[in-house]
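J.: My request is simple: use the sequences and hints to build the entire structure.
If you count by this note's numbering, then the sequence shown holds residues 278 to 532, one letter each, in order.
Rather than coming from a laboratory, the hints here were simulated on the basis of the structure.
One should not assume that every hint holds.
[As the list claims (entries may be wrong)] EDC-like, lysine to aspartate or glutamate: derived pairs with alpha carbons at most 20 Å apart:
{"no.": "1", "residue 1": "K531", "residue 2": "E489"}
{"no.": "2", "residue 1": "K530", "residue 2": "D501"}
{"no.": "3", "residue 1": "K424", "residue 2": "D361"}
{"no.": "4", "residue 1": "K367", "residue 2": "D330"}
[As the list claims (entries may be wrong)] Distance ranges between label pairs, derived from CB positions:
{"no.": "5", "residue 1": "A406", "residue 2": "K472", "range": "11 to 21 Å"}
{"no.": "6", "residue 1": "T465", "residue 2": "D427", "range": "29 to 39 Å"}
{"no.": "7", "residue 1": "S455", "residue 2": "D427", "range": "33 to 43 Å"}
{"no.": "8", "residue 1": "T448", "residue 2": "T506", "range": "15 to 25 Å"}
{"no.": "9", "residue 1": "S410", "residue 2": "G364", "range": "17 to 27 Å"}
{"no.": "10", "residue 1": "D371", "residue 2": "K348", "range": "37 to 47 Å"}
{"no.": "11", "residue 1": "D435", "residue 2": "A406", "range": "28 to 38 Å"}
{"no.": "12", "residue 1": "G417", "residue 2": "K493", "range": "36 to 46 Å"}
Predicted model, so just to flag it, every value in this text is computed and none were measured.
Where a beta carbon is used, it is the ideal one built from N, C-alpha and C, also for glycine.
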Amino acid sequence: MKKKYLVTGALIMSMVVLGACGNKSDKTETTETKTEMTEATKETESKDVAKQDEVIFKGSLKQDAVVEGDKVSLYIIGAEGVKDPDGISKGLVDGVIINTTKDLIEGKINEEDLTEGKMVEVTMKSPSAMTSSLPPQVAGNAIVSVKLLDEKVTDQKDNVVFTGTLKGETTMAEGQMSCHVSDINAETDPDELVKGFGQDGVILNLGEEQVEDDFKVENFVEGDKVEVTVKGDAVTTRSLPPQIPGMSIVSMKKL
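T.: So, in structure tokens, the structure goes:
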């Protein structure tokens, strides 16, 4: 009888041990499955975040692309958001300069394709660091891709002509003339560009190619009357008085 009890006890102990091992195995498999699912979820979420952190906008080239070796600089105006939930493109009222490389431009494009007036689409990381200059500049490491669009700019603005009086001293620095024009008057100002100058007038930063008279500061003194032609979509700073860079100025001449 005693031997029978011992055998029965041994069988019961064996069943308990096997059951425990089975439970442990199940727990291990469950833990591994949960870990795999968690890692897969994190990977999916990471990809989704990466997609959400890209901003896409389009605009037209204000001037021909500047190409130096593999580096390409694009001055884009009229930025319009394509995928821009945070409205970054709306803040680019002065345009934006994209510094990128040829390998990030989609398709086989020659320099002749990236000319003034062409439409391009830019995909960049968000947030992206921009300079505080006007227009702001975006570094190449923030650019994902640039694509030339088969679209034409239909709202090219006409040049604006205004007259005014030189105020203060005209200066020259690094081959650029700077003069302050006040008492401004324009016969036509459809987009109120000139009206935006206000009573402070405007400061012009000109290169020799924009000045129709001798390019010397002594030829432009306080009180001289001048006629200025600027592009209809001229870039102006938010300073007082505002400033216009040479790239937005067509010409200036004395009256």
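J.: Would you mind marking each hint as holding or not holding in the structure?
T.: Tested hints:
| no. | hint | verdict |
| --- | --- | --- |
| 1 | K531 / E489 | holds, 8 Å |
| 2 | K530 / D501 | holds, 10 Å |
| 3 | K424 / D361 | holds, 17 Å |
| 4 | K367 / D330 | holds, 17 Å |
| 5 | A406 / K472: 11 to 21 Å | violated, 34 Å |
| 6 | T465 / D427: 29 to 39 Å | holds, 33 Å |
| 7 | S455 / D427: 33 to 43 Å | holds, 41 Å |
| 8 | T448 / T506: 15 to 25 Å | holds, 22 Å |
| 9 | S410 / G364: 17 to 27 Å | holds, 21 Å |
| 10 | D371 / K348: 37 to 47 Å | violated, 22 Å |
| 11 | D435 / A406: 28 to 38 Å | holds, 36 Å |
| 12 | G417 / K493: 36 to 46 Å | holds, 40 Å |
Against the hints set out earlier in the document, violations occur for numbers 5 and 10.
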